[in-house]
Each structure stands twice: as C-alpha cells, then as structure tokens.
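Asker: So you can see what is in the structure, the chains are spelled out below.
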Amino acid sequence: GESVGLHLPTLSVQEGDNSIINCAYSNSASDYFIWYKQESGKGPQFIIDIRSNMDKRQGQRVTVLLNKTVKHLSLQIAATQPGDSAVYFCAETPFSGYALNFGKGTSLLVTP
Amino acid sequence: DAMVIQNPRYQVTQFGKPVTLSCSQTLNHNVMYWYQQKSSQAPKLLFHYYDKDFNNEADTPDNFQSRRPNTSFCFLDIRSPGLGDAAMYLCATSRELAGGYNEQFFGPGTRLTVL
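Protein chains in written order, with our numbering: chain A, 1 to 112; chain B, 1 to 115.
Calculated directly from the structure, the hints in this document are not laboratory data. A portion of the hints provided could be inaccurate.
Here are the simulated DSS-like pairs of lysine-lysine, each with C-alpha atoms no more than 30 Å apart in a straight line [as the list claims (entries may be wrong)]:
1. A:71 / A:104
2. B:38 / B:52
3. B:17 / A:42
4. B:17 / A:71
5. B:17 / A:68
6. B:38 / A:104
7. B:52 / A:42
8. B:52 / A:68
9. A:56 / B:44
10. A:42 / A:71
11. B:17 / B:44
12. B:44 / A:68
13. A:71 / B:44
14. A:42 / A:104
15. A:56 / A:42
16. A:104 / A:56
17. B:17 / B:52
18. A:104 / B:44
Some residues of chain A that are not near chain B, with every Cβ distance over 10 Å (derived) [said to hold, decoys possible]:
19. 26
20. 27
21. 49
22. 67
23. 104
Note that the Cβ used here is the ideal one computed from N, Cα and C, for glycine as well.
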C-alpha cells in the first residue's frame, strides 16, 4: 500500500479570524510564486500568484506577501470560513524554468 | 467550462500489472504535466510535454512512461506497478513553460491502489 507520509504542519483557526500561512524557499533565482489550495481527494486549485518584482498582491479575501530578502512567502486569508479548510501549498519556479517546486504544505483547519 | 479531466478517478491494479491513467484538457495549453503525490506530501513532478517534446525528470523511474497523441490528451503508463507506486496521480497543464505563463491548472487526480 501507500507509504506513510509526513505529518503536515497544522494551523487551526476559528471561523471569522484571519489566517496566515507561511512558506520559506531557498532558491535565489525563484521568480514566480503560487499558492495552491488542495481539498481532500481533489487536485490543487490555484489561489493567487506573485512575481518577484512585487512584494504584495491582493485577491478576494487573500493576500500574498513576498520578502525576497529572507526568502519568505506568506498567504493571508481574511475572515476565514469553514470552506477554507484544506491543505495549502506554496510553489515557486525560476523565470527560465518550468518545474514548480512545491513546499511541504500546511493543513488549515477552521473551527466554528 | 474549460478544464482538466482525469479518468478514472480511482484505479485499482495488481502488483506488476500494467496500468494506464488518462488526462484530457480543453484549455488548448501547450504543456501537460504528470505529478505523483503520496499521502501528506507535496506533488512531485514526473515529466512534462511541451507540445510533442517529452521531458523526463532525472529521478523518475523507468517504470513510468507517458504518451501525448495530440494536444488534448496525455497518458501515464506504469509498466509494472509496485506497492510503492500507490499514490494520487495529478495531471496539470499550463499555457507556456516559464515565468508568469507557468500557472498550472490541475485535474482532480486519479487515486491508484496497488494490491
């Protein structure tokens, strides 16, 4: 059968609170960053992306912050809802590359 | 709606019995990818096609092959599945390869069980 995977870091928040999910990367050549949401039994779903020439980008209820100095990426979800419960992956790729390098993932659990 | 479709959603095969997973897309994207995702892990890229050009990741086992007969379809062939190949297999597409055109759209995945 399937090998046992690592336990994912888990973030538990109450409904209505804001959530912050963090991601560190190591490649200085990383140019393009994406956050994906993956619900149980489904494929990853695009949430928001950011290029390296920006440090902040906002979407609907979500904000991505990029700090290239410390190679850190974060995803902020405002007014977290039960439907936001999922595993969140950050991914990056260099400008000239193609392969998305995924981070380990964080499991977000929203409690009522 | 334009999308990435994977069939079947669940596949059971026997140890050593060849199996094929399929992916189709209506996005007319140039690039199609196959990822393997094991429990509680991040997706791992196996290979991709840029149009008809096949690119294998260095650590992808020879047991895994792929075919892309046309723009819309891509197949993953596992020649002799082992117990360690049980995983979710994700197909993804992107318009181009690099930079901001690399937003990848994922299918729902096929969960492979090996008995």
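Asker: Please write out, lowest number first, the hints stated earlier that are contradicted by the structure.
Answerer: Of the numbered hints given earlier, those the structure breaks are 4, 5, 8, 21, 23, listed in rising order.
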